[in-house]
Amino acid sequence: MHIDASLALGNHEFDNGVEGLIEPLLKEAKFPILSANIKAKGPLASRISGLYSPYKILRVGDEVVGIVGYTSKETPFLSNPGTNLVFEDEIAALQPEVDKLQTLNVNKIIALGHSGFEMDKLIAQKVKGVDVVVGGHSNTFLYTGNGFRGLDGPARRDDWLCLFCFCNSYYFYCYLTYNIYYMYYIIYTCSSVYM
Numbered sequence: 001m002h003i004d005a006s007l008a009l010g011n012h013e014f015d016n017g018v019e020g021l022i023e024p025l026l027k028e029a030k031f032p033i034l035s036a037n038i039k040a041k042g043p044l045a046s047r048i049s050g051l052y053s054p055y056k057i058l059r060v061g062d063e064v065v066g067i068v069g070y071t072s073k074e075t076p077f078l079s080n081p082g083t084n085l086v087f088e089d090e091i092a093a094l095q096p097e098v099d100k101l102q103t104l105n106v107n108k109i110i111a112l113g114h115s116g117f118e119m120d121k122l123i124a125q126k127v128k129g130v131d132v133v134v135g136g137h138s139n140t141f142l143y144t145g146n147g148f149r150g151l152d153g154p155a156r157r158d159d160w161l162c163l164f165c166f167c168n169s170y171y172f173y174c175y176l177t178y179n180i181y182y183m184y185y186i187i188y189t190c191s192s193v194y195m
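Note that the numbering used here has the sequence shown beginning at 1, numbered continuously upward.
Read the hints as simulated data drawn from the structure, not as lab findings.
If you're wondering where the values come from, they're calculated on a predicted model, not measured in any experiment.
Note that CB positions come from ideal geometry on N, CA and C, so glycine has one too.
Treat the hints with caution; some may be incorrect.
Claimed, not checked - 30 angstroms max Cα-Cα, derived DSS-like pairs, lysine-lysine:
hint, residue 1, residue 2
1, K27, K108
2, K73, K121
3, K100, K126
As the list claims (entries may be wrong) - Here are the computed distance ranges between Cβ atoms for each label pair:
hint, residue 1, residue 2, range
4, P76, P43, 10 to 20 angstroms
5, G42, N16, 14 to 24 angstroms
6, E23, V86, 18 to 28 angstroms
7, K128, E63, 14 to 24 angstroms
8, S53, E23, 14 to 24 angstroms
9, P24, L104, 26 to 36 angstroms
When you get a sec, could you build the whole thing from the sequences and use the hints?
Shown next as structure tokens:
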């Protein structure tokens with residue numbers, strides 16, 4: 001079975017410093033590591049270059065889907081990333097990457113991040129072009145019931161609805177389908193998976 005997976009860096013990935021992130025995870029990962037708002041400087045920039053990306057583009061059937069990552073800008077206060085990583089504002093960093101994805105004809109964009117529920121809501125409201133936000137960090141309980149109860153989500157100025165879900169487990173999957181007729185996503189399965 002082929003699995004397309006991406007990981008957005010969170011604050012705990014830096015608990016053992018940047019060296020503890022580079023060797024066991026960034027260099028060995030067999031899947032994309034994402035963050036649009038982490039910028040390296042100084043001697044670290046050349047060492048970490050290419051080990052993570054702002055986004056990943058996937059082909060899912062006939063569709064082209066973009067996944068753009070983000071990390072809490074509070075990470076330097078919560079963990080040990082050192083002084084050679086800059087954590088930019090999530091919204092300011094995401095918008096140009098989403099714009100770039102749209103110029104590449106990606107019209108289904110998922111923001112995948114680790115900044116907490118309040119920031120996830122702001123991203124859904126303010127980053128134009130994002131269709132789905134999958135977030136983590138604050139362990140906020142949203143809903144685990146069955147079935148589809150209608151569309152709820154942050155309203156945006158352009159009246160486009162952005163769906164979001166929240167994961168609070170190490171093993172998580174979210175199965176989405178896009179209804180082309182009604183132009184929205186439906187979460188069919190959004191659940192923690194324990195292995």
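Outcome of the hint check:
As the CA atoms of K27 and K108 are separated by approximately 29 angstroms, the hinted pair is consistent with the 30 angstroms bound. A hinted pair counts as satisfied when its Cα atoms are at most 30 angstroms apart, and K73 with K121 qualifies at roughly 15 angstroms. Between K100 and K126, the direct Cα distance comes to roughly 16 angstroms. Compliance with the 30 angstroms bound is thereby established for this hinted pair. Range check, P76 to P43: about 18 angstroms between beta-carbon atoms, so the 10 to 20 angstroms window is met.
Checked against the hint of 14 to 24 angstroms, the C-beta distance between G42 and N16 comes to roughly 19 angstroms, which is consistent with it. The beta-carbon spacing between E23 and V86, approximately 22 angstroms, falls within the hinted interval of 18 to 28 angstroms. Judged by the Cβ atoms, the range 14 to 24 angstroms given for K128 and E63 holds: they are separated by roughly 20 angstroms. Between S53 and E23 the beta carbon distance is about 19 angstroms. The supplied range of 14 to 24 angstroms therefore holds.
Separated by about 32 angstroms at the C-beta atoms, P24 and L104 satisfy the suggested range of 26 to 36 angstroms.
Checked against the numbered hints listed earlier, the structure breaks none of them; every hint is satisfied.
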